[in-house]
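Q: The listed protein sequences correspond, in order, to chains A and B. Residue 220 is where the first sequence ends in UniProt numbering, and the numbering goes up by one at each step. Residue 220 is where the second sequence ends in UniProt numbering, and the numbering goes up by one at each step.
It should be emphasised that the hints constitute simulated quantities derived from the structure, not laboratory data. Hints are not guaranteed to be accurate.
[Claimed, not checked] With a cut-off of at most 30 angstroms between alpha-carbon atoms, the simulated DSSO-like pairs for lysine-lysine come out as follows:
1) LYS107/A - LYS66/B
2) LYS100/B - LYS66/A
3) LYS66/B - LYS160/A
4) LYS128/B - LYS100/A
5) LYS100/A - LYS66/B
6) LYS66/B - LYS127/B
7) LYS77/A - LYS160/A
8) LYS32/A - LYS100/A
9) LYS160/A - LYS160/B
10) LYS66/A - LYS107/B
11) LYS66/A - LYS160/B
12) LYS127/A - LYS32/A
13) LYS160/A - LYS128/B
14) LYS160/A - LYS107/B
15) LYS66/B - LYS128/B
16) LYS66/B - LYS66/A
17) LYS127/A - LYS100/A
18) LYS160/B - LYS77/B
19) LYS80/A - LYS34/A
20) LYS77/A - LYS128/A
21) LYS160/B - LYS107/A
22) LYS100/B - LYS80/B
[To be verified] Chain A is nowhere near these chain B residues, computed Cβ spacing over 10 angstroms in every case:
23) ASP8
24) PRO12
25) PRO13
26) LEU24
27) ASP54
28) GLY89
29) LYS127
Virtual Cβ for every residue (Gly too), placed ideally from N, Cα, C.
Protein chains: 2
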Amino acid sequence: MPKSWFLDTMIPPEFRFVPTDEELVQFYLLPKLKNFPLPAYPIPEVNLYGHSPDYFADRYNDHEQKIWYFFTPRERKYSKGNRPNRAAGDGYWKATGADKPIWSTNKIRVGSKKSLSFFQGSPPNGKKTLWLMKEYTVGAPQPANQSMRLDDWVLCVIYKRPEKSNTRASVEETDQPSNYIDLDVLANFDHQHQIGVDYETPTEVAEMNFDEIYDLFINQ
Amino acid sequence: MPKSWFLDTMIPPEFRFVPTDEELVQFYLLPKLKNFPLPAYPIPEVNLYGHSPDYFADRYNDHEQKIWYFFTPRERKYSKGNRPNRAAGDGYWKATGADKPIWSTNKIRVGSKKSLSFFQGSPPNGKKTLWLMKEYTVGAPQPANQSMRLDDWVLCVIYKRPEKSNTRASVEETDQPSNYIDLDVLANFDHQHQIGVDYETPTEVAEMNFDEIYDLFINQ
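The shape of chain A in the complex, shown without the other chains (with noise of 0.2 angstroms):
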């Protein structure tokens, strides 16, 4: 996580920033549209538009973090409209779901949920890259005026999909005993000595997707 003094001094580690849409608008993102204090978790304000998203993931990389938070201004695409200027640095951002809406609990809707990828080059023609992003907005209708400034903030989460890898473990499967082992001989552990036999991949897992398993943790 970012540098912080209270991250760092009263959160215990296992306990992680893992927000619910809800808490991130609610929490976050509505006290920041009216400037008030925000809670714990220190969210930067950049200009995401301005630089391709290799370079925050450079920039901010305190804590070896894999997902980023971020506020960020949006300016439109076209003066007289509502469309949001999706290019950013060597590519563009562009919208790959539906919107999501985000219920409190109470069943108001305070925002919504865009998810989109990064793609270098120009569209239509660009190269889709690993970069993913949730883009969080609160219900704020926009006033229509000249300037192309089309938002002040809104929250944005990006990481990158990791590569697959074609390497999934292969060790045999017996049910004894998770592998005891003695904890004085641990530095020599060979791991070479393991003895590579196929076995059932694990797909019940391997099936959920992001939200199923995000929800897992968001209720407990």
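Go by the hints and put chain B onto chain A.
A: Just chain B, lined up with the frame of chain A:
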């Protein structure tokens, strides 16, 4: 999360118990085995092999949790071997994947993780259920004795794979700003006025597996 004064008052709700494998072993399982004090998250002691997993899900249901952490002893299957007895309630647990070694940050192997599925009925003809387990054990050689007790404590995480939904959202994707809405009219928002149009499935997200997604949050 389970009820706990510390959790309720000291941990902001957007911070959740999402431990690394190493933290589970080093902060919870090893201290448990040594009778040392345990950290913030309350992990109940149960006999996980005394009942089917649904029993525990019903009984430990304080906060709509979907993932459960338990300490449990294990019994031997045969008096002279180290194979655990996996019978439980009206069925049995069966390993589905290879053991995964758990390494500390200073490259010492501190334990192992095993994946299991719950089957109803008797082996080998049990019916696979949606229940999954991850079992954490430490490196400790077992003394050869006649007792049927194999371990005093192993740490188990159980959760139910969500049933596949065939109702993927299909809503027009326009790259417009994310459905700006007037907060005052939210109470009257009519879901059914959204127009259904197919869009490209965001497969890059759906294809990520459990470990990849979990991993995103672990190092943020």
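Q: State for each hint whether it applies.
A: Structure-based check of all given hints:
The straight-line distance between the Cα atoms of LYS107/A and LYS66/B is roughly 21 angstroms, inside the 30 angstroms bound, and the hint therefore holds. Between the alpha carbons of LYS100/B and LYS66/A the distance comes to roughly 22 angstroms, so the proposed pair stays at or under 30 angstroms and holds. Restraint check for LYS66/B and LYS160/A: satisfied, since their Cα atoms lie roughly 26 angstroms apart, inside the 30 angstroms limit. Taking the CA atoms of LYS128/B and LYS100/A, the gap is near 33 angstroms; set against the 30 angstroms cutoff, the hint is violated.
As the CA atoms of LYS100/A and LYS66/B are separated by approximately 22 angstroms, the hinted pair is consistent with the 30 angstroms bound. Taking the CA atoms of LYS66/B and LYS127/B, the gap is about 22 angstroms. The hint holds against a cut of 30 angstroms. Straight-line distance between C-alpha atoms of LYS77/A and LYS160/A comes to about 26 angstroms, which keeps the hinted pair within the 30 angstroms bound. Restraint check: the Cα-Cα separation between LYS32/A and LYS100/A comes to about 21 angstroms, which is no more than 30 angstroms; the hinted pair holds.
Restraint check for LYS160/A and LYS160/B: the C-alpha separation of about 27 angstroms stays at or below 30 angstroms, so the hint holds. A threshold of 30 angstroms between alpha carbons decides the hint, and for LYS66/A with LYS107/B the separation of about 21 angstroms falls inside it, so the pair holds. Pair hint LYS66/A plus LYS160/B holds up; C-alpha atoms about 26 angstroms apart against a cutoff of 30 angstroms. With a C-alpha separation of about 34 angstroms, the suggested pairing of LYS127/A with LYS32/A is violated against the 30 angstroms cut-off.
Between LYS160/A and LYS128/B, the direct Cα distance comes to roughly 34 angstroms. Violation of the 30 angstroms bound is thereby established for this hinted pair. Distance restraint check for LYS160/A and LYS107/B: the Cα-Cα separation of roughly 26 angstroms lies within the 30 angstroms cut-off, and the hinted pair is therefore satisfied. Straight-line distance between C-alpha atoms of LYS66/B and LYS128/B comes to about 19 angstroms, which keeps the hinted pair within the 30 angstroms bound. Taking the CA atoms of LYS66/B and LYS66/A, the gap is about 24 angstroms. The hint holds against a cut of 30 angstroms.
For the hint pairing LYS127/A with LYS100/A, the CA-to-CA distance comes to about 26 angstroms; that is within 30 angstroms, so the pair holds. Between LYS160/B and LYS77/B the CA atoms are separated by roughly 26 angstroms; this keeps the pair inside 30 angstroms, and the hint holds. Proximity of LYS80/A to LYS34/A is assessed by CA-CA distance (about 26 angstroms); at most 30 angstroms being required, the pair is judged to hold. Under the criterion of a C-alpha separation no larger than 30 angstroms, the hint pairing LYS77/A with LYS128/A is consistent with the structure, at around 21 angstroms.
Taken as a hint, the LYS160/B and LYS107/A pair is honoured in the structure, with Cα atoms around 26 angstroms apart against an allowance of 30 angstroms. Between the alpha carbons of LYS100/B and LYS80/B the distance comes to roughly 25 angstroms, so the proposed pair stays at or under 30 angstroms and holds. Against the 10 angstroms criterion, ASP8/B stays outside the reach of chain A, whose nearest CB is about 13 angstroms from its own CB. A cut-off of 10 angstroms between C-beta atoms contradicts the statement that PRO12/B is not in contact with chain A; the least separation is 5 angstroms.
Not every Cβ of chain A is farther than 10 angstroms from the Cβ of PRO13/B; the closest lies at roughly 7 angstroms, contradicting the non-interface assignment. The beta carbon of LEU24/B sits about 8 angstroms from the closest Cβ of chain A, which is not more than 10 angstroms, so the claim that it is off the interface is violated. Consistency note on ASP54/B: stated as away from chain A, and its beta-carbon is indeed over 10 angstroms from all of that chain's, at 17 angstroms minimum. For GLY89/B, the requirement that its beta carbon stay farther than 10 angstroms from each beta carbon of chain A is met, with the minimum near 18 angstroms.
With a least CB separation of 14 angstroms from chain A, LYS127/B remains clear of the 10 angstroms interface cut-off, as annotated.
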